[in-house]
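If you're matching them up, the sequences are chains A and B in order. Each residue of the first sequence is one higher than the one before, counting from 51 in my numbering. Each residue of the second sequence is one higher than the one before, counting from 51 in my numbering.
FYI, nobody ran anything at the bench for these hints, they're computed from the structure. Mixed in with the good hints there might be a few duds.
Because identical chains share one entry, a pair is satisfied inside a single copy or across any pair of copies.
What the hints assert, rightly or not - Mimicking DSS-like on lysine-lysine, the simulated pairs with C-alpha atoms at most 27 Å apart in a straight line are:
(1) Lys90 / Lys73
(2) Lys132 / Lys67
(3) Lys133 / Lys67
(4) Lys467 / Lys90
(5) Lys157 / Lys467
(6) Lys132 / Lys152
(7) Lys132 / Lys73
(8) Lys291 / Lys422
(9) Lys235 / Lys152
Since this is a predicted model, take the numbers as computed values, not measurements.
There are 2 protein chains.
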Amino acid sequence: MDNYKAYLGNVIYSQDKDTLVVKEKSYILVQDGIVQGIFKDLPEGFPQENIIDWGNNLIIPGFSDMHVHASQFLQRGMGMDKKLLDWLNTYTYPTEAKFQDKEHAKKIYGLFVDELVRQGTLHVNCFSSIHYEASEILFELLLERGLFAFTGKLNMDQNSPEFYLEDTESSLRSTEVFISNYRQKGNVQAAIVPRFTITCSEELLAGLGKLAQQYGTPVHSHMCEAISTIKASKELFPNYKNEAEVFYHNNLLGQTPTIMAHCIFMDDDVVQLMQNPNCMAVHCPDATANINAGGIMPVKKLLEMGINLAIGSDIGSGASLSIARGIASTIQHSKIRNMFDPQWEAVNLSEAFYMATRSGGRYFNKVGAFDKGYHFNALVIDDSNFPGENLTSLERLERFCYAGDDRNIVMRYIVGKELII
Amino acid sequence: MDNYKAYLGNVIYSQDKDTLVVKEKSYILVQDGIVQGIFKDLPEGFPQENIIDWGNNLIIPGFSDMHVHASQFLQRGMGMDKKLLDWLNTYTYPTEAKFQDKEHAKKIYGLFVDELVRQGTLHVNCFSSIHYEASEILFELLLERGLFAFTGKLNMDQNSPEFYLEDTESSLRSTEVFISNYRQKGNVQAAIVPRFTITCSEELLAGLGKLAQQYGTPVHSHMCEAISTIKASKELFPNYKNEAEVFYHNNLLGQTPTIMAHCIFMDDDVVQLMQNPNCMAVHCPDATANINAGGIMPVKKLLEMGINLAIGSDIGSGASLSIARGIASTIQHSKIRNMFDPQWEAVNLSEAFYMATRSGGRYFNKVGAFDKGYHFNALVIDDSNFPGENLTSLERLERFCYAGDDRNIVMRYIVGKELII
Numbered sequence: 051m052d053n054y055k056a057y058l059g060n061v062i063y064s065q066d067k068d069t070l071v072v073k074e075k076s077y078i079l080v081q082d083g084i085v086q087g088i089f090k091d092l093p094e095g096f097p098q099e100n101i102i103d104w105g106n107n108l109i110i111p112g113f114s115d116m117h118v119h120a121s122q123f124l125q126r127g128m129g130m131d132k133k134l135l136d137w138l139n140t141y142t143y144p145t146e147a148k149f150q151d152k153e154h155a156k157k158i159y160g161l162f163v164d165e166l167v168r169q170g171t172l173h174v175n176c177f178s179s180i181h182y183e184a185s186e187i188l189f190e191l192l193l194e195r196g197l198f199a200f201t202g203k204l205n206m207d208q209n210s211p212e213f214y215l216e217d218t219e220s221s222l223r224s225t226e227v228f229i230s231n232y233r234q235k236g237n238v239q240a241a242i243v244p245r246f247t248i249t250c251s252e253e254l255l256a257g258l259g260k261l262a263q264q265y266g267t268p269v270h271s272h273m274c275e276a277i278s279t280i281k282a283s284k285e286l287f288p289n290y291k292n293e294a295e296v297f298y299h300n301n302l303l304g305q306t307p308t309i310m311a312h313c314i315f316m317d318d319d320v321v322q323l324m325q326n327p328n329c330m331a332v333h334c335p336d337a338t339a340n341i342n343a344g345g346i347m348p349v350k351k352l353l354e355m356g357i358n359l360a361i362g363s364d365i366g367s368g369a370s371l372s373i374a375r376g377i378a379s380t381i382q383h384s385k386i387r388n389m390f391d392p393q394w395e396a397v398n399l400s401e402a403f404y405m406a407t408r409s410g411g412r413y414f415n416k417v418g419a420f421d422k423g424y425h426f427n428a429l430v431i432d433d434s435n436f437p438g439e440n441l442t443s444l445e446r447l448e449r450f451c452y453a454g455d456d457r458n459i460v461m462r463y464i465v466g467k468e469l470i471i
Numbered sequence: 051m052d053n054y055k056a057y058l059g060n061v062i063y064s065q066d067k068d069t070l071v072v073k074e075k076s077y078i079l080v081q082d083g084i085v086q087g088i089f090k091d092l093p094e095g096f097p098q099e100n101i102i103d104w105g106n107n108l109i110i111p112g113f114s115d116m117h118v119h120a121s122q123f124l125q126r127g128m129g130m131d132k133k134l135l136d137w138l139n140t141y142t143y144p145t146e147a148k149f150q151d152k153e154h155a156k157k158i159y160g161l162f163v164d165e166l167v168r169q170g171t172l173h174v175n176c177f178s179s180i181h182y183e184a185s186e187i188l189f190e191l192l193l194e195r196g197l198f199a200f201t202g203k204l205n206m207d208q209n210s211p212e213f214y215l216e217d218t219e220s221s222l223r224s225t226e227v228f229i230s231n232y233r234q235k236g237n238v239q240a241a242i243v244p245r246f247t248i249t250c251s252e253e254l255l256a257g258l259g260k261l262a263q264q265y266g267t268p269v270h271s272h273m274c275e276a277i278s279t280i281k282a283s284k285e286l287f288p289n290y291k292n293e294a295e296v297f298y299h300n301n302l303l304g305q306t307p308t309i310m311a312h313c314i315f316m317d318d319d320v321v322q323l324m325q326n327p328n329c330m331a332v333h334c335p336d337a338t339a340n341i342n343a344g345g346i347m348p349v350k351k352l353l354e355m356g357i358n359l360a361i362g363s364d365i366g367s368g369a370s371l372s373i374a375r376g377i378a379s380t381i382q383h384s385k386i387r388n389m390f391d392p393q394w395e396a397v398n399l400s401e402a403f404y405m406a407t408r409s410g411g412r413y414f415n416k417v418g419a420f421d422k423g424y425h426f427n428a429l430v431i432d433d434s435n436f437p438g439e440n441l442t443s444l445e446r447l448e449r450f451c452y453a454g455d456d457r458n459i460v461m462r463y464i465v466g467k468e469l470i471i
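Pulled out of the complex, with its shape left as it was, chain A reads as follows:
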């Protein structure tokens, strides 16, 4: 039983959106980094030295951040009083343009990946910048850390400032080179990442869709985010009813695994396209509130309609990489939404935790829960700095999401290996 380990603690994970599995003072049995089951007792003769006793701490799955801009790490928490397009032009494009410098990319992406790990995000879907070499650097850093990740070179060939723009042909060519070279290594996979419809010509989108289909590559973009961007998109693509159609008819929505950030304003026919099991909509509560887009995703409605939902930090319009905080914000903001638009209830802890773990992790190979056969990608939560008696494990989980921070995460495991920060 040498390659078996048993992790003792109060275990919590999502079964489905409505069910949190809680196994207090139990052992997660792990063989070569893969969960074998959760047990109250171990078989007789199980080697004492293979037991990792986390005492009264909580053990939960690692978080999944399904929409984040690595290249905006430096601008978090600034310019928050601006509107989306102003904010992009004033802060974001100049910040991203700096990633032409490889040394800058190494430094900032290194800090970004460190911060992901510190916050307990073990699975991540992240934008780079338009720069090929910087995107390579990000891919390699994610790989080195052992994270489960999608990332790719950003595409944008129009409606962007002079200093931060590609020509269509070289954008397509370098994307194809990136995919061929970095299709999948370890648990990191190349993705196709058009910024959003406004900044991509139809020629570019069509070319990217062709690559997605040819290589079976996942797609990551923004959709139905703000009244202003929806309007601009409609003017640029008058032959399509909406942004979803632009993506769909260019083979970028559901033909391969597709992750669309925001999805705030969706008509019924867009909802129908997103009900494809290949698609996922990512709610980024803090980002959406900070850079006023005119609405909040109707999370409860989309959950009830069976759309795959996840949580994203969306740095830099989001300010914190903590997905635990993203869980609390998802619940809070859905409550505020409900106060003004009572037709959809607020979401609860079970639903938001599901989005942040099991549901968010669905494109990565068996992560985000502790079912048999899942990778043991886990966080140990020590909340002994909070006094309190006779609390349930669920109350402690809720308190960690609302009031805790990275200091409460005392261990991170990926495929059973300790991840050191």
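With the hints as your guide, set chain B onto chain A.
Relative to the frame of chain A, chain B by itself:
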């Protein structure tokens, strides 16, 4: 010039709601803990050893938390999916009832005051429990730490569980004893704190109002918080048009300094009562969102109407004692409100910072800004863990509020004295 000190750093404070004063690389000159002015250079011969050089760090006023329940410190971040009255009965009243035990009060209030200081809250208006002795303990702890504070024994003689209720006469008697013994010591002052109209008989309210007038004691309560509580209050006090009238006609609204938490649902005549310069309304954004009250304070509207506004953490329905986070939440939640009710704009950093510092501190003697004659109650913010070049001090302040935490506060001063955590 022995009793002079000069604190060098990037100084920021509020002039008024629309004006943030920023003095980069400047000296705050302080005599015996009182600000004398802010200067680019010091007079010749100023003793080198009296200069405290904070380098590139920010120096800002200490925060004011104008509505918080010290007795709910243990329950933060739990039961957040419940409605207000359910949450009070399930979590709050049992938690508060434990403060009958003096040892428990010493321990938990000690932790509470430590956490206030850690989060940079130097001025606080806090509820205790109904217990006389626990309220003494809280008063003494605030005094020992040198905080500027209002606190008092909580009153409630009806509509509360059997185990957490006073009789009217003893409630009034012990409140008067508390006020006589603890009227003002150092910078801590006794307040009169009826919980809310629902839990107070008219006899109790009238008696408290009489005490307030007799001793010139400030009043602290909740008002216009939730649809459910407004309705219940209307049934209990059918002779009054609304909660504000109940307080007003019992001498508990504006006759002495008055601090009312929440003020979400106010009719025009209530707004008019609150326009009294003696009154302050406290916005508790996280608390209001967590324990769904049915609305969000229309902050911009009330600011424009000239009502004194402050920010409160409102632990335990709020989960974090950080008022920096309260600033970010105030802005975020006002943006979400604006998305659904566009008639009032969102508030900006200047307005929210003003609420959290200068405006929040108005009842305490000259705190919350660095005008000449103000107490040097200040925080030093070291944000060197955030990389970034060529940022303005205001961008750094904004980033601290959105993305920083207590680790960025490297020094706290009260009346010029270092406060050690």
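Do the hints match the structure? See the list:
Taking the shortest Cα distances, Lys90 and Lys73 sit within 27 Å of each other inside one copy (8 Å), while across copies they are farther apart (62 Å). Taking the shortest Cα distances, Lys132 and Lys67 sit within 27 Å of each other only across copies (18 Å), while inside one copy they are farther apart (35 Å). In this assembly of identical chains, Lys133 and Lys67 lie within 27 Å of each other by CA distance solely across copies; the values are 21 Å between and 33 Å within a copy. For a Cα distance limit of 27 Å, the shortest separation of Lys467 from Lys90 inside one copy, 23 Å, qualifies, whereas the shortest one across copies, 54 Å, does not.
Taking CA atoms no more than 27 Å apart as the test, Lys157 paired with Lys467 passes inside one copy only; the shortest distance there is 25 Å, against 39 Å between copies. In the homo-oligomer, the alpha carbons of Lys132 and Lys152 never lie at most 27 Å apart, since the shortest distance is 29 Å inside one protomer and 50 Å across protomers. For the identical chains of this complex, Lys132 and Lys73 are inter-copy neighbours only, at 24 Å across copies versus 46 Å inside a copy, given an alpha-carbon limit of 27 Å. In the homo-oligomer, the alpha carbons of Lys291 and Lys422 never lie at most 27 Å apart, since the shortest distance is 44 Å inside one protomer and 62 Å across protomers.
For a Cα distance limit of 27 Å, the shortest separation of Lys235 from Lys152 inside one copy, 21 Å, qualifies, whereas the shortest one across copies, 61 Å, does not.
Checked against the numbered hints listed earlier, the structure breaks hints 6, 8; every other hint is satisfied.
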